[in-house]
Structure formats: structure tokens, C-alpha cells
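Chemist: One-letter residues, chain by chain:
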Amino acid sequence: MTKKILIIDDDKIFSKILRDGLVAGGNGKYEVFSAFDGEEGLQVAERERPDLIMLDMMMPKVTGIDFLKKFRKEEWGKETPVIVETQLSDMEKMSEGIELGVRGYIIKSDYSLDTILRQVEDILK
Amino acid sequence: MVPRELFPAIAVLTVLYLVVVAFSYWGVRRTKRKIYEKDAEVKRRLYELAILKEISDRTGYSLNIQKILDVIVGSLNQFLEYSAVSYMLLEPSKIVFKADLERSVSTHFIKEIRTRMLGSLTALLGRDLADMEVEETITGAIMIDIIEEPVQSYFNIPLVIGGELVGVLTVSHTKAGLYKESEMEILYKIVNQASQAVTKLEEVVKTEQGKIAAMLESMLEGVVMTDREYHILAANPAAKFVIGYKGEGTPTIFDFIDAFKDLLDIRSKLEEAIKLDKIITVKEVFFSNKYYQIVVSPVKSNVGFTKGEILGGVIIFHDVTHEKEAEKMRNDFTSMMVHELRSPLGNIKKIGEMMRSSKVLEDKQASSEYVSMLYESSSSMLDLVNDLLDVAKLEAGKFAVEKNQENLKEILAERVKFFDTTARDVGVTFKLLMESAVPDSVAIDSKRITQVMNNLFSNAFNYTPKGGMVTALCFMHKKGASLDIEARTMLAPWITDNMSADTALIPDSVVVAVTDTGEGILTENIERLFNKFIQFSSSARDSEHKGTGLGLVIVKGIVEAHGGVIGVGSKRGTGSTFYFTLPL
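Sequence lines, in order, name chains A and B.
Residues 1 to 125 (UniProt numbering) are what the first sequence spells out, left to right.
Residues 1 to 584 (UniProt numbering) are what the second sequence spells out, left to right.
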């Protein structure tokens with residue numbers, strides 16, 4: 001059965017690479033959706049009910065944390081696992097994310113698609 | 001034998017001889033006496049100088065008249081003959097009476113000079129001193145009561161400091177008719193000079209104290225000074241402001257201890273500073289919405305015998321809120337910049353990885369997509385790096401423009417043509433209004449001015465919603481006329497709201513302006529537009545309007561390097577006008 005993954009990131013290039021990587025690496029196991037800001041992310045999440053969310057913490061308008069707070073309030077968003085994309089310099093803000101049930105993180109400037117794939121697979125098992 | 005007739009002649013000669021001898025003897029004696037007198041005069045002079053030097057050497061910058069008097073009293077015997085030299089000094093609660101005996105006298109003698117001196121003081125001051133306690137010190141020779149010689153010679157020298165009588169100095173002797181006017185005069189001179197020195201020193205100290213007090217009053221730092229028992233001696237207005245003290249007079253140390261009770265134990269810091277002779281700096285205390293750096297330091301005496309002794313403590317409250325804010329801004333800027341540089345770089349790396357490992361290359365469409373992504377990522381990085389370099393040059397004052405005579409009208413028209421495509425894409429009307437009076441040739445750096453136009457135009461299109469309008473405008477400005485009136489004569493839109501400068505003061509120039517019908521800029525954000533640190537903050541950007549955020553900072557630099565000015569007018573809900581001038 002295919003699993004739904006939602007990528008919420010304002011960096012369209014990163015989002016595309018991640019999407020392509022997940023699709024190719026998952027060999028058809030994953031169906032990937034993209035949203036480019038928090039607001040859109042909430043809409044897509046409500047519609048698609050993803051099994052996993054990959055969330056950029058540094059976004060204009062609705063930031064990653066703001067998205068998480070709203071998302072966790074929704075009935076359909078309480079249990080969904082979330083992996084956050086962040087920068088090394090923002091690691092201090094992670095504690096807040098952990099309280100909001102973040103399951104893992106990707107350092108944006110230094111990620112490896114293999115690691116991400118493994119992480120995703122682990123969570124979705 | 002001598003003939004008798006010569007006797008008268010001999011007698012005359014003898015008399016003459018005697019007269020000559022007598023005269024010369026008298027002359028020599030006179031000269032001798034003169035020499036002796038001169039000698040005495042020189043001696044007195046020397047003494048005078050010696051004692052003045054001794055006074056200054058021994059007492060240094062002492063303000064203590066008593067110490068100075070002790071020096072005079074102790075060395076007066078080199079110059080004067082006396083039985084006793086004594087002084088009487090008026091102090092707030094008592095009278096100090098000190099006598100130095102050169103030879104033994106009776107107690108009665110002492111009593112007599114004491115009475116006489118008190119009498120002189122009373123007379124000079126014109127007030128009764130009978131109630132005052134007299135502290136008596138007798139030094140030198142012993143008193144023997146069998147000598148009953150009374151005071152026969154006596155003179156007083158009043159001691160005046162700062163125009164006020166503080167005491168008398170008295171020289172007395174059991175022999176009569178001893179003191180000559182000249183001797184009194186010299187002693188008077190010495191005492192007078194010493195008094196004047198003290199007076200001057202007192203004035204200096206008072207002025208200095210006044211200066212220090214004034215400085216303390218006007219200091220931005222809060223300063224509190226305490227004694228060794230932590231009683232506050234002085235607290236300046238800034239210090240009172242720190243704790244919000246509104247009462248009259250000086251607050252107590254408890255006012256400060258209570259104010260900072262949970263944040264900093266002021267009492268123990270003071271104790272540490274005073275007891276361990278140590279300067280304590282507390283880097284950051286957040287107190288009533290402000291950041292303070294607090295320095296607690298011992299205060300040491302640096303003059304006189306007490307030099308080096310700890311007199312108390314001082315607490316300095318240094319408001320570092322501004323520095324903290326600036327630091328936060330710099331940190332935000334750095335982390336944003338790092339983010340902006342890292343993201344495209346990380347993407348470029350990943351694109352490379354994808355193209356190498358996956359089947360992307362086999363898929364024509366996918367590979368062309370990836371190539372354009374590569375291009376986009378590297379371009380945005382390059383733009384940012386270029387912008388950062390420009391800003392660095394601006395800040396280092398090394399930003400230079402290369403001015404040549406260029407056709408500004410043509411350059412502008414070319415830019416307008418370039419942005420026409422953008423205008424059509426975003427569904428915005430784009431107009432150019434050019435005044436014919438604008439000369440064909442203007443001294444500019446065409447590359448840099450093109451950069452300015454690009455920046456202003458792309459901003460205008462970024463912030464103008466579909467169906468809106470962007471108007472580019474170019475006209476001549478005459479000093480004394482305001483830009484909005486000049487623009488309106490061309491029937492061009494112009495937004496003056498929130499425009500900070502008086503445009504009528506701008507010298508004769510060519511003006512280029514862009515007016516949009518966007519949402520306008522919040523008043524509080526207008527002055528932030530040209531601040532590099534704030535531009536980068538995420539609230540100022542959103543995904544639709546991405547840029548390095550340094551654009552306007554650089555634009556301002558370019559315009560100013562041309563000798564022109566840049567300005568903004570903006571009204572929420574109506575739009576914004578950005579203009580820049582190029583002086584002729």
C-alpha cells in the first residue's frame with residue numbers, strides 16, 4: 001500500500017529534489033505532495049491526510065512551529081509523524097519542536113537522500 | 001733734625017693723615033655694615049625661600065593649615081630669636097593651641113600668651129570665644145616656674161584662608177624690644193604666602209569637586225557611591241532612574257538591594273568588592289525591560305597618607321539595551337545570510353547527486369528541469385554574494401562609481417522596455433512619463449544606475465497586485481520647488497505621505513521616480529528599508545517577494561555615490577513612490 005508524504009517548504013528547488021528523491025528511492029511506495037507555505041500545507045494535509053510530513057521550520061507567513069501548533073490541534077493531525085527540515089544554527093529551537101511531537105530532523109545544508117529515505121522508511125514501518 | 005719752621009706743615013699733614021685714616025676707617029665700617037646688612041637681607045631671603053620650599057615639600061598638596069604651621073614653627077628658630085612660637089587655630093568645635101618652646105619659660109608665660117592670643121582672636125573675629133574648648137599642646141623646652149620673666153616682646157600674625165580668619169601665629173620672648181618691623185614683615189609674608197597657597201588649593205579642590213559632581217549628574221550611567229559600611233554617599237539621577245526612585249534626596253542602599261533582589265545580590269557584591277579589593281562585572285542583568293551591565297568596584301584614596309586605602313564602593317549601572325538589540329540584529333542577519341547562502345548551495349550539491357545517481361539524465365525533460373534548477377540556485381547565490389560584496393564596499397567607504405556622460409533617457413527607456421514583459425506577465429499597467437527638458441547627456445555610472453532602476457522596478461512589480469499600475473517618471477527638478485508639485489504638473493502620480501525630507505531643498509537635479517499601486521509600506525518600516533540588518537528579517541520578506549533584501553541598501557549607496565538622494569513616500573492601501581536624484 002502506498003504511503004502519503006507531504007513536503008511543506010517554501011524553497012521550491014529543495015522541495016522538488018526531496019520529492020524526486022523520495023519517489024525514486026521509494027520505488028513507488030510513496031505518493032508525495034508538496035505545499036509551499038504553512039497555510040497551503042494545512043489545506044493539503046486536511047485533504048490528503050498524509051502518513052508523514054516533512055516540514056521546513058524557516059518559512060515566511062506561517063512558520064514551521066506555527067504550522068505544527070495549528071496542525072496538532074486538529075483531530076486528524078494529532079498523531080501524524082513529522083520530520084523537520086532545519087539549519088544547524090536553528091537547532092536550539094528544536095526543543096519546541098520536540099514538545100510538538102517531532103520525530104526526526106534533517107539538516108538542510110547537509111543532508112543525504114539515503115539518510116532521509118532510511119529515516120522515512122523507519123517511521124512509516 | 002727737622003727744622004722748626006716745618007712743624008706747622010707736619011702738623012697739618014698729620015691732621016690731614018688722621019682725618020684720612022679716620023674717614024677711611026669710617027668708610028670701611030660703613031661698607032662693612034652695609035655688607036653685613038646685605039648679608040642679613042640675603043639670609044632672610046634665603047630663609048624665606050627655604051621655608052616656603054620646605055612647606056611645599058613637606059606638606060605636598062595638603063590642605064591642612066595646621067601641618068603647614070607646624071613646618072613654619074619648627075624651623076623659625078633659624079631666623080628669629082624667641083622664647084616661644086605658638087599658634088591658635090579655630091576649628092568648628094574647638095580651638096587648637098600649640099606652643100613650641102625654644103627656651104624654658106614659666107607656666108605663667110604660657111598662660112599669658114594663651115590669654116593674649118585668645119584676646120587677639122576674639123578681637124579679630126568680633127565674637128566671644130569664651131565657651132570654646134581649647135586643646136593645648138606644648139612642645140620643646142621644659143617649663144620651669146622659678147623663671148618668672150614675663151612676656152616682654154610679642155607679635156601676632158593673623159592666619160587668613162580664603163578671606164576668612166582661621167587663627168593667629170604668635171612669636172614671644174622674655175626679653176624686651178626684640179622684634180623689628182622688618183622681621184615681622186618677613187614672617188607675615190611667609191605665613192601669608194602659605195595661606196594663599198592653601199586658599200588656592202582649596203579653590204582648585206572645590207572646582208574639581210564641582211566638576212565631578214556636575215559630571216556625575218550628567219552621566220548616562222547610573223552611579224552609586226557608598227562608604228565602607230555600604231551607606232550611600234552619592235547616587236546620580238541616572239542611578240535613581242534605574243530603580244525608579246522618585247523620592248527626594250538620596251536613596252538608601254536598601255532601595256537598590258530590594259529592586260534587584262532576585263536578580264543580583266548587590267549587598268554581597270559590594271562586600272566582595274570592598275573586602276577583597278576586586279572589581280566585579282556582571283555582564284548582563286535584565287531589569288525592568290532593560291539590559292544592564294553592572295560594575296561593582298572598590299573606591300581607593302589616591303592622595304596623601306591614606307593613598308591606596310579603600311574608602312568604600314561604587315556601583316555603576318551601564319544600560320546596554322541598545323548594544324544587545326544591535327547584537328541580536330547582527331546575529332539575526334548572520335543567521336539569515338547563512339541560511340540564504342546555504343540553501344542554494346545545499347541544493348546545487350543535491351542536484352549534482354541526483355543527476356549522478358538516478359535516471360534523471362536519461363529523462364530529457366527531467367534533466368532540463370534540473371539544469372535550470374542548477375542555474376537558478378547558482379544565480380541566486382551569485383546575486384547574494386555580489387550584493388554582500390557591494391554592501392561590504394559601501395561600509396568600508398570603498399564604493400566607487402565611474403561616471404561618464406551617458407544618455408540617461410535612453411537607459412531608462414531601455415529598462416522600461418525590459419520590464420514591459422514582466423508587466424504583461426503579472427497583469428500590471430506600466431507607463432513611462434519623460435519630461436522633454438531632461439538633457440540627453442548626464443554624468444552617471446550607467447551600469448550602476450541600471451542596477452538602481454532594475455531594483456526599483458522589480459520591487460514595484462513585486463508589490464503591485466494584478467490590475468495595478470506602475471509609473472516610471474523622469475523630470476527636471478529646480479531647487480525650491482517640491483518634487484510632488486513638479487511631478488503633478490506632468491500629471492504623474494506621486495505619493496508624499498511619510499516622505500521624511502523636504503524635497504524643495506534638493507539642488508537642481510534630474511529626478512527618476514517609480515510609483516506603484518501596491519499595498520504601501522507601514523510607517524514604522526519605511527525608515528528600516530535602507531537598513532541592511534532589518535531588511536533580512538523574515539517578517540520583511542515573504543515567498544512572493546524574495547530577494548537578498550540588500551537591494552535598497554545598495555541602491556542608496558549608488559545614488560549617494562552619485563551625489564544624489566533617495567527617498568520614499570508611501571500610503572497604506574494606495575501605493576509607494578521611490579525617487580532618486582542625480583545632481584547636474
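By construction, these hints were calculated from the structure, which means they are not laboratory data.
From a predicted model like this one, the values you see are computed outputs, not experimental measurements.
Do not rely on the hints blindly, as some may be mistaken.
[Said to hold, decoys possible] According to the in silico footprint, chain A covers these stretches of chain B (three or more CB under 8 angstroms from chain A):
(1) 366-380
(2) 446-452
[What the hints assert, rightly or not] In silico lysine-lysine, DSSO-like type, Cα no more than 27 angstroms apart, as pairs:
(3) B:211 x B:189
(4) B:53 x B:38
(5) B:53 x B:67
(6) A:3 x A:125
(7) B:67 x B:189
(8) B:359 x A:29
(9) A:29 x A:12
(10) A:61 x B:53
(11) A:125 x A:78
(12) B:403 x B:479
(13) B:349 x B:466
(14) A:16 x B:211
(15) A:16 x B:275
(16) A:12 x B:349
(17) A:61 x B:571
(18) A:4 x B:359
(19) B:478 x B:403
(20) B:328 x A:69
(21) B:53 x B:189
(22) B:328 x A:61
(23) A:12 x B:180
(24) B:175 x B:98
(25) A:12 x B:246
(26) B:246 x B:275
(27) B:94 x A:16
(28) B:211 x B:359
(29) A:29 x B:275
(30) A:29 x B:53
(31) A:70 x A:3
(32) B:359 x A:3
(33) A:73 x A:3
(34) B:359 x A:12
(35) A:4 x A:125
(36) B:359 x B:479
By construction, the Cβ of each residue, glycine as well, lies at the ideal position given by its N, Cα and C atoms.
Chemist: Now tell me, hint by hint, if it's right for this structure.
Modeler: We went through each hint and held it up to the structure:
With 5 residues bearing a CB less than 8 angstroms from a CB of chain A, the segment 366-380 of chain B meets the requirement of three and the coverage assertion stands. Given as covered by chain A, the segment 446-452 of chain B fails the check, having 0 residues with a CB less than 8 angstroms from a CB of that chain where 3 are the minimum. A distance of roughly 32 angstroms separates the Cα atoms of residue 211 (chain B) and residue 189 (chain B); the hinted pair therefore is violated under the 27 angstroms criterion. The suggested pairing of residue 53 (chain B) with residue 38 (chain B) holds, with an alpha-carbon distance near 22 angstroms, which does not exceed 27 angstroms.
Straight-line distance between C-alpha atoms of residue 53 (chain B) and residue 67 (chain B) comes to about 14 angstroms, which keeps the hinted pair within the 27 angstroms bound. With a C-alpha separation of about 10 angstroms, the suggested pairing of residue 3 (chain A) with residue 125 (chain A) holds against the 27 angstroms cut-off. Our distance criterion of 27 angstroms between C-alpha atoms is met by residue 67 (chain B) and residue 189 (chain B), whose separation comes to about 18 angstroms. A distance of roughly 18 angstroms separates the Cα atoms of residue 359 (chain B) and residue 29 (chain A); the hinted pair therefore holds under the 27 angstroms criterion.
Between residue 29 (chain A) and residue 12 (chain A) the alpha-carbon distance is near 23 angstroms, which keeps this suggested pair within the 27 angstroms criterion. For the given pair, residue 61 (chain A) sits about 82 angstroms from residue 53 (chain B) by alpha-carbon distance, which is inconsistent with the 27 angstroms threshold. For the suggested pair residue 125 (chain A) and residue 78 (chain A), the alpha carbons sit about 18 angstroms apart, so the restraint of at most 27 angstroms is met. Under the criterion of a C-alpha separation no larger than 27 angstroms, the hint pairing residue 403 (chain B) with residue 479 (chain B) is consistent with the structure, at around 23 angstroms.
Pair hint residue 349 (chain B) plus residue 466 (chain B) does not hold up; C-alpha atoms about 36 angstroms apart against a cutoff of 27 angstroms. Pair hint residue 16 (chain A) plus residue 211 (chain B) does not hold up; C-alpha atoms about 70 angstroms apart against a cutoff of 27 angstroms. At most 27 angstroms may separate the alpha-carbon atoms for a hinted pair to count; residue 16 (chain A) and residue 275 (chain B) exceed this at roughly 67 angstroms. With a C-alpha separation of about 15 angstroms, the suggested pairing of residue 12 (chain A) with residue 349 (chain B) holds against the 27 angstroms cut-off.
This hinted pair checks out: residue 61 (chain A) and residue 571 (chain B) have alpha carbons roughly 22 angstroms apart, not beyond 27 angstroms. For the hint linking residue 4 (chain A) to residue 359 (chain B), the alpha-carbon distance of about 23 angstroms falls within 27 angstroms, and the restraint holds. The suggested pairing of residue 478 (chain B) with residue 403 (chain B) holds, with an alpha-carbon distance near 22 angstroms, which does not exceed 27 angstroms. Of the supplied pair hints, the one linking residue 328 (chain B) and residue 69 (chain A) holds, its CA atoms being roughly 26 angstroms apart against a limit of 27 angstroms.
Between residue 53 (chain B) and residue 189 (chain B) the alpha-carbon distance is near 14 angstroms, which keeps this suggested pair within the 27 angstroms criterion. The suggested pairing of residue 328 (chain B) with residue 61 (chain A) holds, with an alpha-carbon distance near 21 angstroms, which does not exceed 27 angstroms. Restraint check for residue 12 (chain A) and residue 180 (chain B): the C-alpha separation of about 110 angstroms exceeds 27 angstroms, so the hint is violated. About 21 angstroms separates the Cα atoms of residue 175 (chain B) and residue 98 (chain B), which keeps this hinted pair within 27 angstroms; it holds.
Of the supplied pair hints, the one linking residue 12 (chain A) and residue 246 (chain B) is violated, its CA atoms being roughly 58 angstroms apart against a limit of 27 angstroms. Restraint check for residue 246 (chain B) and residue 275 (chain B): not satisfied, since their Cα atoms lie roughly 31 angstroms apart, outside the 27 angstroms limit. Of the supplied pair hints, the one linking residue 94 (chain B) and residue 16 (chain A) is violated, its CA atoms being roughly 96 angstroms apart against a limit of 27 angstroms. Our distance criterion of 27 angstroms between C-alpha atoms is broken by residue 211 (chain B) and residue 359 (chain B), whose separation comes to about 82 angstroms.
Proximity of residue 29 (chain A) to residue 275 (chain B) is assessed by CA-CA distance (about 74 angstroms); at most 27 angstroms being required, the pair is judged violated. Taken as a hint, the residue 29 (chain A) and residue 53 (chain B) pair is broken in the structure, with Cα atoms around 104 angstroms apart against an allowance of 27 angstroms. Proximity of residue 70 (chain A) to residue 3 (chain A) is assessed by CA-CA distance (about 23 angstroms); at most 27 angstroms being required, the pair is judged to hold. Between residue 359 (chain B) and residue 3 (chain A) the CA atoms are separated by roughly 23 angstroms; this keeps the pair inside 27 angstroms, and the hint holds.
With a CA separation close to 23 angstroms, the supplied pair residue 73 (chain A) and residue 3 (chain A) stays within the 27 angstroms bound. Taken as a hint, the residue 359 (chain B) and residue 12 (chain A) pair is honoured in the structure, with Cα atoms around 21 angstroms apart against an allowance of 27 angstroms. Taking the CA atoms of residue 4 (chain A) and residue 125 (chain A), the gap is near 13 angstroms; set against the 27 angstroms cutoff, the hint holds. A C-alpha spacing of about 66 angstroms is found between residue 359 (chain B) and residue 479 (chain B), which places the hinted pair above 27 angstroms, so the restraint is violated.
Hints 2, 3, 10, 13, 14, 15, 23, 25, 26, 27, 28, 29, 30 and 36 from the earlier list are contradicted by this structure; the remaining hints agree with it.
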